[in-house]
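Chains as they are written, first to last, in the working numbering: chain A, 123 to 504; chain B, 123 to 504; chain C, 123 to 504; chain D, 123 to 504.
Hints are supplied without guarantee of correctness; some may be wrong.
It does not matter which identical chain is used: a pair holds within one copy or between any two.
[As the list claims (entries may be wrong)] 25 angstroms max Cα-Cα, derived SDA-like pairs, lysine to any residue: (1) Lys-396 - His-240; (2) Lys-183 - Asp-156; (3) Lys-131 - Lys-469; (4) Lys-220 - Lys-469; (5) Lys-183 - Arg-133; (6) Lys-433 - Ile-420; (7) Lys-396 - Ala-356; (8) Lys-305 - Glu-368; (9) Lys-131 - Gln-178; (10) Lys-220 - Arg-184; (11) Lys-183 - Arg-462.
Hints in this document: simulated from the structure, not taken from any laboratory.
Protein chains: 4
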Amino acid sequence: MEPDMAHRKIRAGIVGGGQGSFIGAVHRIAAELDGQAEIVAGAMSTDARRAEASAQAWFLKRAYTSFQQMAEEESRAADGIDVVIIATPNHMHYPVAKAFLERGIHVISDKPMTLNVHEAEELVALVERSGRIFALTHNYTGYPAVRQARALVRQGEIGTIRKVLVEYIQDWLLEPVERTGNKQASWRTDPAQAGISGCVGDIGTHAENLLTFITDLKIASLCADLTTFVEGRALEDDANMLLRLENGGKGILTCSQIAAGEENNLSIRIYGSKAGLAWQQMEPNTLIFKPYGRPQQILRSGQAYMSDDAKAATRLPPGHPEGFLEAFANIYKMVISDIRREATGEKPLGGYPTAADGLRGMRFVAKVVESSQRGSIWMEVE
Amino acid sequence: MEPDMAHRKIRAGIVGGGQGSFIGAVHRIAAELDGQAEIVAGAMSTDARRAEASAQAWFLKRAYTSFQQMAEEESRAADGIDVVIIATPNHMHYPVAKAFLERGIHVISDKPMTLNVHEAEELVALVERSGRIFALTHNYTGYPAVRQARALVRQGEIGTIRKVLVEYIQDWLLEPVERTGNKQASWRTDPAQAGISGCVGDIGTHAENLLTFITDLKIASLCADLTTFVEGRALEDDANMLLRLENGGKGILTCSQIAAGEENNLSIRIYGSKAGLAWQQMEPNTLIFKPYGRPQQILRSGQAYMSDDAKAATRLPPGHPEGFLEAFANIYKMVISDIRREATGEKPLGGYPTAADGLRGMRFVAKVVESSQRGSIWMEVE
Amino acid sequence: MEPDMAHRKIRAGIVGGGQGSFIGAVHRIAAELDGQAEIVAGAMSTDARRAEASAQAWFLKRAYTSFQQMAEEESRAADGIDVVIIATPNHMHYPVAKAFLERGIHVISDKPMTLNVHEAEELVALVERSGRIFALTHNYTGYPAVRQARALVRQGEIGTIRKVLVEYIQDWLLEPVERTGNKQASWRTDPAQAGISGCVGDIGTHAENLLTFITDLKIASLCADLTTFVEGRALEDDANMLLRLENGGKGILTCSQIAAGEENNLSIRIYGSKAGLAWQQMEPNTLIFKPYGRPQQILRSGQAYMSDDAKAATRLPPGHPEGFLEAFANIYKMVISDIRREATGEKPLGGYPTAADGLRGMRFVAKVVESSQRGSIWMEVE
Amino acid sequence: MEPDMAHRKIRAGIVGGGQGSFIGAVHRIAAELDGQAEIVAGAMSTDARRAEASAQAWFLKRAYTSFQQMAEEESRAADGIDVVIIATPNHMHYPVAKAFLERGIHVISDKPMTLNVHEAEELVALVERSGRIFALTHNYTGYPAVRQARALVRQGEIGTIRKVLVEYIQDWLLEPVERTGNKQASWRTDPAQAGISGCVGDIGTHAENLLTFITDLKIASLCADLTTFVEGRALEDDANMLLRLENGGKGILTCSQIAAGEENNLSIRIYGSKAGLAWQQMEPNTLIFKPYGRPQQILRSGQAYMSDDAKAATRLPPGHPEGFLEAFANIYKMVISDIRREATGEKPLGGYPTAADGLRGMRFVAKVVESSQRGSIWMEVE
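Please put together the full structure from these sequences, using the hints given.
Following this line, the structure appears as structure tokens:
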């Protein structure tokens with residue numbers, strides 16, 4: 123416990139996310155958006171020149187080329203970091219998280235949580251032992267409208283959930299761009315760095331997480347059909363699956379990275395015995411509420427009628443669009459608040475995805491891949 | 123061949139569709155919309171009083187209470203009908219079609235084509251023997267934007283089709299309205315009148331038909347999960363299924379009659395190696411064309427840049443919305459034109475769903491139901 | 123009074139609207155859509171061959187080349203027409219209406235009502251003297267969502283109306299198509315046939331009519347700025363105007379026929395002390411209701427919660443789009459019902475635009491043109 | 123010139139924007155978003171306790187209660203601020219700007235630029251004399267889609283601009299909230315703090331600025347009708363106006379703060395001789411391009427086909443929504459870049475609204491108010 127943490131910004135470090143990375147800058151902006159944290163150290167590349175240049179571009183105080191060294195030095199420094207951000211390819215998530223957790227440093231990590239289920243199980247145990255905060259950036263749960271959707275479900279406005287349609291479709295891998303220098307495409311289609319799944323691991327896990335976040339229902343079983351449409355690609359770039367939820371509800375999850383003309387279309391529709399809900403990430407400030415027999419309602423983030431949870435995730439008045447970065451920053455906002463609480467002995471409040479969510483996501487990926495490999499048969503999930 | 127048919131309206135009769143029926147009035151309007159046909163006779167109810175009242179409401183010349191009698195008398199009358207419209211519950215489609223085809227009268231029938239596959243096979247043979255025109259009112263294929271979608275696929279603008287997402291979701295059976303006097307709900311949830319399937323037979327067949335109409339691809343195999351959410355209902359009211367197309371493409375088809383807040387949401391999205399397409403029945407005059415890497419285009423019915431086939435299905439300038447009835451009437455327009463051609467010995471041009479489509483639809487329904495009953499396993503679809 | 127009219131379709135004749143005309147076919151479809159009327163006679167062209175061909179294409183019983191002759195013969199025939207449809211250029215509206223009204227035949231006329239205010243005043247008097255029904259096809263008032271909007275205003279849901287934004291913008295005259303064979307463009311830009319105004323007379327009158335229909339408020343004064351953007355055109359093709367309403371509310375009306383990319387965009391937004399409303403003709407089945415401080419509601423035609431007036435204008439269940447023709451047919455439906463009522467001595471129910479609306483529209487046009495010609499000054503209206 | 127500025131963040135101070143202020147937090151986030159600047163000092167309130175608390179909440183190094191004192195001390199400090207942010211009510215814009223400019227500190231100021239035209243003229247001269255950068259936060263010009271719109275106009279894709287429809291409508295002053303403790307409402311409706319105009323000064327100026335930014339056309343003359351709908355309010359809360367552009371094009375500008383159900387609806391539509399454009403702030407990442415006779419195109423920020431200027435204003439891949447804060451930050455990004463350039467003797471690149479824009483805006487407001495006061499007559503602008 124550090125008594126003076128209230129009088130300063132939280133200090134963060136970052137592993138990965140160096141120059142040219144999309145997600146590195148996202149983490150930086152999201153972490154610092156509310157003025158409650160600053161990134162002061164980074165191991166942004168193992169290449170010394172790139173590590174240095176990346177750190178300079180952000181005016182970081184300390185640059186490393188090794189995350190182990192960073193973990194050691196930061197954990198000993200008087201002004202060392204409070205939290206580390208993991209923005210590496212998947213295969214590095216676990217070793218990096220381990221190095222920092224073991225040295226008492228909180229962790230905010232990209233998803234999917236680990237390379238495989240085994241690592242995920244170990245990480246869950248490690249987090250528990252460490253007593254540190256571990257947050258997983260299923261950032262789409264940070265949108266106010268998503269939190270409003272969850273609130274409506276909890277309030278019983280939807281009734282018993284019967285049907286869920288969730289999709290996450292893009293087109294950025296429609297061509298074999300991994301062979302023409304797209305660095306992110308390169309590692310995301312490489313099993314050694316990405317794990318056993320491409321599309322499902324990358325974006326299907328967001329869809330699974332969103333479904334469970336809003337409905338508070340787990341997937342009981344699934345039947346998945348994975349396809350690699352681009353010749354020579356080592357991992358699937360498209361997936362369709364049938365879902366059965368733990369409450370008897372049914373669902374569909376589809377994700378794709380070869381859906382021509384789709385940008386970043388994460389959408390969910392939920393149908394209950396009393397009402398329906400629809401949300402689309404590309405128009406994120408709107409939630410459509412569809413009570414049976416009554417007019418549909420357009421719920422808008424920032425409005426006074428929104429739930430407290432949605433309001434807490436909103437910075438601007440209605441009609442001033444907040445987007446991807448703001449939603450991402452909402453995850454950070456909750457984590458930073460919990461880091462402060464933890465420092466003064468208060469109980470963390472949560473509200474963001476945790477290691478348990480990450481483990482569930484990794485098991486989901488494993489079952490999806492197994493289902494498809496065994497002829498798209500039904501698999502129980504846990 | 124009747125030489126003077128060019129100088130008069132086509133004469134139509136109708137079986138079913140009496141007062142209180144939704145679809146009866148739809149057929150009347152669609153048949154007569156272009157001023158090329160008139161309904162002159164009807165066996166609109168087996169109840170004499172209702173049959174008479176229904177006929178009077180439409181100013182019909184001849185009212186019957188028996189379709190057999192109607193078939194016999196009309197086929198012998200000098201001014202007898204050229205074509206019969208079948209607007210009955212499913213179990214009557216086949217016997218009525220048979221009665222009129224055997225007497226040389228063309229048939230326009232509601233879908234699904236018959237009560238089961240066996241009847242469908244017989245009907246296909248019967249149509250062939252009769253030499254008469256048989257059209258199935260998969261009316262959604264009548265929309266100009268749907269025909270434009272097909273034209274774009276045929277022109278190669280979409281490339282190889284990889285993924286198809288088609289859905290048809292409604293909420294009119296969310297409550298057990300079949301027990302509270304909704305006549306259509308009553309027969310559509312009764313296996314004796316509707317057949318082995320509820321939701322899939324009623325609207326899933328439209329989705330299947332639309333998919334094949336636009337893509338010219340058949341479903342090779344499927345895995346279906348049917349659910350009856352409303353207690354006590356004898357047939358499924360919701361269905362999710364995975365599809366594999368004959369060309370290696372993958373797909374999802376979902377249909378529901380318990381999706382709270384959904385009106386009549388038939389939508390299709392098609393993704394190919396070059397571009398995507400999206401169409402929604404509830405905003406039918408718009409087709410979104412999504413070429414990879416270029417701006418999406420909003421194609422609008424009535425515009426000069428539309429295909430000839432789309433233009434032929436359009437009556438108004440752009441921005442003057444045409445809807446469900448006009449699309450339905452487009453099926454009639456093509457059938458009426460073919461009836462005239464047939465009368466003068468010309469080859470019918472088609473363009474509307476036929477008995478072959480109806481048979482494929484019935485086989486689709488049978489496989490869907492079998493898949494679900496056997497534990498949602500994969501089934502080949504011929 | 124004709125006692126047997128209940129047992130037959132209403133008989134209609136048409137003047138103008140011959141082959142190649144857009145609006146002729148619209149009238150035919152709208153008149154016959156509900157199976158309550160049939161067009162049996164026409165003076166569709168003064169060119170004998172074209173008149174004959176047009177009549178044959180519609181299987182009319184009687185073709186004329188002179189509307190005077192038609193008026194005389196039809197008024198004397200045992201099976202003569204009950205009502206005449208006027209589908210000519212503007213300058214013929216008045217003489218044709220006069221000829222038929224004076225012979226006791228009801229009239230349905232295209233807008234604007236006459237060539238000028240003087241004719242409009244005479245026509246109002248003539249209609250009154252004749253005791254015949256006169257309906258003006260401000261067809262956009264036929265949409266269920268428009269009628270719902272009026273119902274909400276009447277019920278006080280909007281509060282005191284403060285601001286109205288109405289627009290009607292198209293692009294069909296962006297190029298000088300009147301010089302390259304577009305027949306409609308030719309007469310609509312010719313003062314001798316169209317009157318003193320182009321764009322305002324053609325579509326601005328629809329906007330004015332819609333405003334007053336929904337709000338029940340008249341325009342008290344206006345300031346208009348008319349422009350002819352296409353060189354050599356004799357009448358304005360664009361207009362902007364400020365409005366002051368009789369209740370102190372303010373408004374804007376803009377109309378254009380040179381707004382690139384606009385099809386037939388008639389839209390209205392109304393803001394009151396309690397709520398707002400928005401409707402767009404190109405997505406006509408949706409009305410957005412915007413209560414202050416509460417979620418916006420999406421009101422949809424066909425739903426049970428709609429007003430009786432909206433329901434009476436709806437033929438299909440929700441989600442089955444009805445469009446321009448159906449709205450047009452709703453005007454006919456009300457007129458036909460009144461023709462039957464009139465025949466049995468019942469009081470007509472109205473609900474459709476009348477000669478009084480037509481006169482108000484003509485005065486509006488006159489003031490708009492005068493305002494603009496005098497330097498876009500403010501003019502009192504009436 | 124400070125040679126080492128490249129190696130540190132730009133230091134900013136803020137005047138106004140203390141706790142409870144909406145716009146203060148917006149400036150902080152926007153200034154710091156790209157990691158190139160940090161706010162280190164503030165005179166956020168004249169109330170000492172509030173000034174201190176506001177500064178602490180942001181972890182500022184130096185808190186002042188007087189902007190004059192701040193200007194003096196910061197201009198002398200070794201680590202003094204490079205730029206000041208003005209986030210006060212309108213009447214303070216000019217004195218604060220003056221104080222800092224005269225001490226060689228760059229200025230970023232809220233709009234409208236000053237309390238009146240006289241101050242605006244003085245400020246323009248002062249900026250010129252000072253050689254400092256002065257940027258006005260007409261933040262909506264920061265959206266990538268707005269910059270794309272300007273690029274399309276410049277490339278000639280729209281042709282000669284004929285008609286512009288711009289609106290900015292809200293409902294936050296529908297009730298007299300200035301009397302019930304809404305602090306922003308209180309000063310915005312007070313002539314002593316807001317100036318001679320309420321609605322037009324606050325949001326109408328954004329609309330005017332957007333119009334000119336995209337089209338590069340000035341308003342030549344206007345006719346305005348201002349209304350105060352809420353009783354007892356001292357300034358107008360609604361305005362409608364006709365515009366004539368310097369090139370002969372025509373336009374409409376409407377703004378309102380009493381338009382029930384409207385959040386922050388700034389929208390613009392531009393119609394040229396070749397194509398149209400439409401953009402709405404509430405769905406800011408989409409620009410509709412409407413070439414005459416061809417399909418409309420949906421241009422999306424982040425796509426490779428966008429202009430360089432639009433791309434430079436984009437941080438995320440397509441489909442990852444960027445919103446109000448990101449657009450605001452784009453203004454800062456350009457200003458910060460120019461501050462660095464200025465420090466090394468390079469010519470500033472601009473791209474953001476300047477004092478000249480601010481002066482034009484103030485003259486616009488003055489003419490609007492005069493027009494309305496003199497009976498809504500036409501006024502030349504400049």
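Index of numbered hints that the structure contradicts, given in increasing order:
Of the numbered hints given earlier, those the structure breaks are 1, 8, listed in rising order.
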